[in-house]
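**Q** If you read the sequences in order, they're chains A and B.
Per my numbering, numbering through the first sequence is continuous, rising by one, with the last residue being 230.
Per my numbering, numbering through the second sequence is continuous, rising by one, with the last residue being 493.
Watch out, some of these pointers could steer you wrong.
Quick look at which bits of chain A chain B covers, simulated, 3 or more residues with Cβ under 8 Å [as the list claims (entries may be wrong)]:
{"id": "1", "region": "44-51"}
{"id": "2", "region": "78-87"}
{"id": "3", "region": "90-99"}
{"id": "4", "region": "181-187"}
These aren't lab readings, by the way, just hints derived from the structure by calculation.
On a predicted model such as this, the values are computed, not experimentally measured, just so you know.
Beta carbons are placed, not taken as given, at the ideal position from N, Cα and C, and that holds for glycine.
Spelled out from the first residue to the last, the chains are:
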Amino acid sequence: MIVIDTLRKEYKGTPVVDIDSLSIGQGEGFGLVGNNGAGKTTLFRLILDLIKPTHGEVMIEGKDVKGNDEWKKFVGSYLDENFLISYLTPDEYFKFVGTLHGHQDADLITVLSQFEELFNGEITGKKKYIKDLSKGNLKKVGIAAAFIGNPQVVVLDEPFENLDPTSQIRLKSLLKKEKQEKKLTYLISSHDLNHVTEICDRIVILEKGKVIKDLRGQNLLSELESYFKA
Amino acid sequence: MIGIFLSHAYKRMTRSVSFEKEMATTVFLGLITIMAVVYALLLGLALEKILEKSLGVSDSVSFLNGLLLYYFTSEFLIRYFMQNLPVLEVQPYLHLPIRKSAIVHFLLGKSLVHILNVFVFLLFLPFALSVVVRDYGIVNALSWILSIWLFSLSVHFIMILFKKKLDDTLWGLATIVLVFGLFAAADYFGWFKLSEVSAALFNLTVTWSLFPVVLFLVLAGLYYGLYSYFLSSFYPEDLSVSKEKSFVHSSDLTILKRFGIMGGWINVELKLILRNKRTRTILVLGALLLLYGLIFYPEETYTETMPGFLVFVGIFITGIFMINYGQFLFSWQGGHYDFTLTQPVSMRQYVESKYWLISSVTIACFLLSIPYVYFGWRFLFLHLACTLFNIGINSFIIMNMAMWDPKKVDLTRSSAFNYQGVGAAQWLMGFPILLSPYIFYLPLSYLGYSNFGLVAVGLAGLIGFTMHPYLIDFTTRRLIKKKYLMASNFRSE
Numbered sequence: 001m002i003v004i005d006t007l008r009k010e011y012k013g014t015p016v017v018d019i020d021s022l023s024i025g026q027g028e029g030f031g032l033v034g035n036n037g038a039g040k041t042t043l044f045r046l047i048l049d050l051i052k053p054t055h056g057e058v059m060i061e062g063k064d065v066k067g068n069d070e071w072k073k074f075v076g077s078y079l080d081e082n083f084l085i086s087y088l089t090p091d092e093y094f095k096f097v098g099t100l101h102g103h104q105d106a107d108l109i110t111v112l113s114q115f116e117e118l119f120n121g122e123i124t125g126k127k128k129y130i131k132d133l134s135k136g137n138l139k140k141v142g143i144a145a146a147f148i149g150n151p152q153v154v155v156l157d158e159p160f161e162n163l164d165p166t167s168q169i170r171l172k173s174l175l176k177k178e179k180q181e182k183k184l185t186y187l188i189s190s191h192d193l194n195h196v197t198e199i200c201d202r203i204v205i206l207e208k209g210k211v212i213k214d215l216r217g218q219n220l221l222s223e224l225e226s227y228f229k230a
Numbered sequence: 001m002i003g004i005f006l007s008h009a010y011k012r013m014t015r016s017v018s019f020e021k022e023m024a025t026t027v028f029l030g031l032i033t034i035m036a037v038v039y040a041l042l043l044g045l046a047l048e049k050i051l052e053k054s055l056g057v058s059d060s061v062s063f064l065n066g067l068l069l070y071y072f073t074s075e076f077l078i079r080y081f082m083q084n085l086p087v088l089e090v091q092p093y094l095h096l097p098i099r100k101s102a103i104v105h106f107l108l109g110k111s112l113v114h115i116l117n118v119f120v121f122l123l124f125l126p127f128a129l130s131v132v133v134r135d136y137g138i139v140n141a142l143s144w145i146l147s148i149w150l151f152s153l154s155v156h157f158i159m160i161l162f163k164k165k166l167d168d169t170l171w172g173l174a175t176i177v178l179v180f181g182l183f184a185a186a187d188y189f190g191w192f193k194l195s196e197v198s199a200a201l202f203n204l205t206v207t208w209s210l211f212p213v214v215l216f217l218v219l220a221g222l223y224y225g226l227y228s229y230f231l232s233s234f235y236p237e238d239l240s241v242s243k244e245k246s247f248v249h250s251s252d253l254t255i256l257k258r259f260g261i262m263g264g265w266i267n268v269e270l271k272l273i274l275r276n277k278r279t280r281t282i283l284v285l286g287a288l289l290l291l292y293g294l295i296f297y298p299e300e301t302y303t304e305t306m307p308g309f310l311v312f313v314g315i316f317i318t319g320i321f322m323i324n325y326g327q328f329l330f331s332w333q334g335g336h337y338d339f340t341l342t343q344p345v346s347m348r349q350y351v352e353s354k355y356w357l358i359s360s361v362t363i364a365c366f367l368l369s370i371p372y373v374y375f376g377w378r379f380l381f382l383h384l385a386c387t388l389f390n391i392g393i394n395s396f397i398i399m400n401m402a403m404w405d406p407k408k409v410d411l412t413r414s415s416a417f418n419y420q421g422v423g424a425a426q427w428l429m430g431f432p433i434l435l436s437p438y439i440f441y442l443p444l445s446y447l448g449y450s451n452f453g454l455v456a457v458g459l460a461g462l463i464g465f466t467m468h469p470y471l472i473d474f475t476t477r478r479l480i481k482k483k484y485l486m487a488s489n490f491r492s493e
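With the rest of the complex left out, here is chain A (with noise of 0.2 Å):
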């Protein structure tokens, strides 16, 4: 599905990533961790074609992301706030990204009733712009627009960061379902070692940019704890 070959992201001289080759497969739960400064969000970006790489490339289904728009149809993603259109309600903004992705109005109806427990009914038919959101509602807002356009990959930088824990457990049991039947593949970083190794089954450690482990199967909470305790 992705393939990353000899990718080198580099400022002022010193190398952010550095990755030789990693390839991800369909339907594969990918959890990246690392301490801060690793370049979890630059890998994403590189991933995305938001940051141009110094050297390498990234291709999805075969295809170099740079110059190519092909893999936006099926890639959905969210990093930070830059990916929410502040001015919009949420309603509007699911709506225009719906638009984007060819959707119907019904379509969008199927996608969106996955996220009300989510919501909690707090983000849909709310007379609220976008911007006076607080930070939990933004990020339910940001992955629940991940979701639109029937992904086959999803991209989330962080995305257990400043939710409740009830939205926590729900967005884990919906990737997994996702995964389950849509073969869904995910890419998820995480400082939360409990939930990535809970939703993912392949762990990628990162530091100073490299690939230091690549962790599958079993135990993988324990190999991480016996890595960072060091």
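Got chain A; can you put chain B on it based on the hints?
**A** Same frame as chain A, but now just chain B:
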């Protein structure tokens, strides 16, 4: 403590990302300030001559005293636009062991460091030293100038109070209209004359030596009032410029649905314009400037002897929204540029939507300017040529220049004298827009065919318009080339 605050304020300014980029703006504003200072000083030095020689006033001190309230009225208006609320970034200090009173004193004290607060010295000190000393002696002259200064400082604090309590409310506007209306009505119906009140008030400065003391007490009272007010409302949400909370309902323009994704983009952008203060002001300004022609069109001096100048007026009337809004064309939506890049949008559609948005507003301006036919059909013809030029050529100049090192625009801030996001491009953008029509106009008008010059302007616009698919392609290619740079600019504050 004050030293630390000052050093933090200085660091904040010089270390901001945009500091170097906004150098051009800073230099420009600096030059304007120097110019104002020089003019004020020259006027101050010449004041005696103007009053006594040119106007032949015998008691020039009383005469000037009669004008002072008018001066302070205009100072009030100037301050309204130029003076910002003292909003130091206090949030990082609130939880530290610093006395709140120290912060408030610093805030209010720092607000006093403003060129407007010494302006009265530039204007009136020379007069005080020459004329007032001559007529009333040195002590009274000092009392006179001191009183004027104290009065000016009082206006300063009143302005802070006004902006804090009443700005942006209907009450604020009503207060201003009421007060100025009262003065005008009083003058008109002869209840009292502002000049007489003013003369009586400021004559006290030379006849009653305690007057400056009274003024000082007023000033101290104002300061203390503000101090306790700030102290009691010292929470980030009180201090920061109040967010617009009100919900403005605006529904989609259904006609735009027919244009698919492009229409969707235009709908979103219309909401941007209507829901944010800074963009709304641009809209209002565009509407006001439709009246610009009323200054020039009835005057034969302009219409007969300077027909070339009218091209400038025509470009302005039909294109002011395009120019004002277009200079930040991509920056307005800088807050969600990453969104634009990750959605399945073709960049061409994005550019196309921007093109049609600014072009339709220009056409709307043209339609609204049709009543100028009253002054003659030639103005309709002029506006038509200028509209064509604006949508055929200027629109592309603007779109391409707006890509030049753009910065994110903070939509929530108000617009008067707000230079946030202004870079070199914005200052230079006006030149090609206002000068380019003359490339087509001047050669023919020099030969004596100014009407054919206008035809050439219109024709050039028409050619540009018929070629718009190619020009949009060209613009799109440039936008794609610049997208990483723009995205990283928009991400940094």
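**Q** Hints first: check each against the structure and report whether it holds.
**A** Status of each hint after checking the structure:
1. 44-51: That given contact holds, which follows from 4 residues of the region 44-51 of chain A lying within Cβ reach (below 8 Å) of chain B.
2. 78-87: holds (count 9)
3. 90-99: holds (count 4)
4. 181-187: n = 0 at 8 Å, threshold three: violated.
Figure legend: structure checked against the earlier numbered hints; the only hint not met is number 4.
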